[in-house]
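Starting from the known structure of chain A, arrange chain B on it as the hints suggest.
There are 2 protein chains.
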Amino acid sequence: MARLEFWYDLASNYSYLSAMRIDQLAATAKVDIEWRPFLLGPVFKEQGWNTSPFNIYPAKGAYMKRDMQRIAVQRGLRFQLPEPFPARSLLATRLALLEEADDWTRNFCKSVFIAEFALGEDISNPDILSNILVKLGVETAEALATAQSPALKKRLREHTAEAIKKGVFGAPSFITEDGELFWGDDRLEQALAWQSNQSTYSLKEKE
Amino acid sequence: MARLEFWYDLASNYSYLSAMRIDQLAATAKVDIEWRPFLLGPVFKEQGWNTSPFNIYPAKGAYMKRDMQRIAVQRGLRFQLPEPFPARSLLATRLALLEEADDWTRNFCKSVFIAEFALGEDISNPDILSNILVKLGVETAEALATAQSPALKKRLREHTAEAIKKGVFGAPSFITEDGELFWGDDRLEQALAWQSNQSTYSLKEKE
Numbered sequence: 001m002a003r004l005e006f007w008y009d010l011a012s013n014y015s016y017l018s019a020m021r022i023d024q025l026a027a028t029a030k031v032d033i034e035w036r037p038f039l040l041g042p043v044f045k046e047q048g049w050n051t052s053p054f055n056i057y058p059a060k061g062a063y064m065k066r067d068m069q070r071i072a073v074q075r076g077l078r079f080q081l082p083e084p085f086p087a088r089s090l091l092a093t094r095l096a097l098l099e100e101a102d103d104w105t106r107n108f109c110k111s112v113f114i115a116e117f118a119l120g121e122d123i124s125n126p127d128i129l130s131n132i133l134v135k136l137g138v139e140t141a142e143a144l145a146t147a148q149s150p151a152l153k154k155r156l157r158e159h160t161a162e163a164i165k166k167g168v169f170g171a172p173s174f175i176t177e178d179g180e181l182f183w184g185d186d187r188l189e190q191a192l193a194w195q196s197n198q199s200t201y202s203l204k205e206k207e
Numbered sequence: 001m002a003r004l005e006f007w008y009d010l011a012s013n014y015s016y017l018s019a020m021r022i023d024q025l026a027a028t029a030k031v032d033i034e035w036r037p038f039l040l041g042p043v044f045k046e047q048g049w050n051t052s053p054f055n056i057y058p059a060k061g062a063y064m065k066r067d068m069q070r071i072a073v074q075r076g077l078r079f080q081l082p083e084p085f086p087a088r089s090l091l092a093t094r095l096a097l098l099e100e101a102d103d104w105t106r107n108f109c110k111s112v113f114i115a116e117f118a119l120g121e122d123i124s125n126p127d128i129l130s131n132i133l134v135k136l137g138v139e140t141a142e143a144l145a146t147a148q149s150p151a152l153k154k155r156l157r158e159h160t161a162e163a164i165k166k167g168v169f170g171a172p173s174f175i176t177e178d179g180e181l182f183w184g185d186d187r188l189e190q191a192l193a194w195q196s197n198q199s200t201y202s203l204k205e206k207e
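Chains as they are written, first to last, in the UniProt record's numbering: chain A, 1 to 207; chain B, 1 to 207.
Any given hint could turn out to be false.
Pairs count within a copy or across copies, as identical chains cannot be separated in the list.
Claimed, not checked - List of simulated lysine-lysine pairs, DSSO-like, C-alpha gap at most 27 Å: (1) LYS166 with LYS135; (2) LYS166 with LYS60; (3) LYS45 with LYS65; (4) LYS110 with LYS166; (5) LYS135 with LYS60; (6) LYS65 with LYS165; (7) LYS153 with LYS30; (8) LYS165 with LYS154; (9) LYS135 with LYS165; (10) LYS30 with LYS135; (11) LYS30 with LYS166; (12) LYS45 with LYS60; (13) LYS165 with LYS153; (14) LYS153 with LYS110; (15) LYS45 with LYS135; (16) LYS153 with LYS135; (17) LYS45 with LYS154.
Keep in mind that the hints were calculated from the coordinates and are not lab data.
So here's chain A without its partners, still in its complex pose:
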């Protein structure tokens, strides 16, 4: 089956929107989703930012909140921004990579996104993450210890480096098997259409 890479940061609010709907849309489009968590921090640093552009540019930040509210209502989702925003997503992201199976990453990350953006919880807090792990049937203490292992730290660094190498500059991003990059929750349908060849586009060659 065709595969589409879904690149996201657990602290990214627009990634939350995509995470909540990508499985259903992908099933309809007959596309498998590779869940690829990474850290936006190093990506933003390459652009000279030390925090989210929503914090650096207040008009953009105010707009984003209203945009999120409108879309959340339209899709029947709860939405609030956690404090602080963006949340420190490092520990949660390492946990997301505990197992290399997409199923693990998907289930864990959806729970993290809901805790953070539907309930406003602090996902840098190990207690919040432990609650999620327990519900997923995971040995909590062991998982938290493994998340601090050099192997997991390395895996996350590799993920983030791969994202940058592939041209990712924001989240969510979607990359098709033939290397097309789509950025933003509002490009998800287009990315799936491209990958599943149910596309209406005739543009398949590169510039």
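What follows is chain B alone, placed relative to chain A:
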């Protein structure tokens, strides 16, 4: 009839996308469009930028070109970026305000967008603008002189100040009668739905 403000810069490629489709979508939604040209330059300056973010952030700029190509093909539009990008849109924008009627602004601006983004012409060149004026049946020399008048310069400054006051931070932007701001060609349908009350949103009160 319900009215929606369409704020755009003549040098903005995503504004081109909206200009080419907004009339048809608005007719279907039974919404009148107010064409509101303004200058992004002063808006960007407020954010500390001295050119388009597509030039400041190369990964974003490269992505924008590919995104535009894909969407243009999908919609049957020609697309190329003019050199230099962004074009100096000052003279063209003043001409767009020659008459206060939406029809004048709409017809002139569509021609400018096509010259610029379909044909790659330099819209800071008075000869290019003269060609457009002639085709619209306008006394060219007089129009170009009027465009340099204090009255037109003032009108454009007021437009841009109004945009900033209303929270506009990029283009295209759409503002409904009840003050909702939508940013980006990909929010055009949502803005029209909000204004025409054919909306599926129940969120009508402010935060």
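Now the hints, each set against the structure:
Taking identical chains as interchangeable, the C-alpha atoms of LYS166 and LYS135 are never at most 27 Å apart, the minima being 34 Å within one chain and 46 Å between chains. Taking the closest pair of Cα atoms, LYS166 and LYS60 come within 27 Å of each other both inside a single copy (26 Å) and across two copies (13 Å). For the identical chains of this complex, LYS45 and LYS65 are neighbours both inside a copy (23 Å) and across copies (23 Å), given an alpha-carbon limit of 27 Å. Taking CA atoms no more than 27 Å apart as the test, LYS110 paired with LYS166 passes inside one copy only; the shortest distance there is 24 Å, against 36 Å between copies.
For the homomeric pair LYS135 and LYS60, neither the shortest alpha-carbon distance inside one copy (36 Å) nor that between copies (39 Å) is at most 27 Å. Taking the closest pair of Cα atoms, LYS65 and LYS165 come within 27 Å of each other only across two copies (18 Å); inside a single copy the shortest separation is 30 Å, beyond that limit. Taking the shortest alpha-carbon separations for LYS153 and LYS30, neither the intra-copy value of 33 Å nor the inter-copy value of 55 Å comes in at or below 27 Å. Proximity of LYS165 to LYS154 under the C-alpha cut-off of 27 Å is restricted to the intra-copy arrangement: shortest distance 16 Å within a copy versus 47 Å between copies.
Taking identical chains as interchangeable, the C-alpha atoms of LYS135 and LYS165 are never at most 27 Å apart, the minima being 35 Å within one chain and 48 Å between chains. In this homomeric assembly, LYS30 and LYS135 never come within 27 Å of each other (Cα to Cα): the closest approach is 29 Å inside a single copy and 50 Å across copies. Taking the shortest Cα distances, LYS30 and LYS166 sit within 27 Å of each other inside one copy (24 Å), while across copies they are farther apart (43 Å). Taking identical chains as interchangeable, the C-alpha atoms of LYS45 and LYS60 lie at most 27 Å apart whether they share a chain (19 Å) or sit on different chains (14 Å).
Taking the closest pair of Cα atoms, LYS165 and LYS153 come within 27 Å of each other only inside a single copy of the chain (18 Å); across copies the shortest separation is 46 Å, beyond that limit. Proximity of LYS153 and LYS110 under a CA criterion of 27 Å is satisfied intra-copy only: 21 Å inside one chain copy versus 52 Å between copies. Taking the shortest Cα distances, LYS45 and LYS135 never come within 27 Å of each other, neither inside one copy (35 Å) nor across copies (49 Å). In this assembly of identical chains, LYS153 and LYS135 lie within 27 Å of each other by CA distance solely inside one copy; the values are 24 Å within and 64 Å between copies.
Proximity of LYS45 and LYS154 under a CA criterion of 27 Å is satisfied intra-copy only: 19 Å inside one chain copy versus 40 Å between copies.
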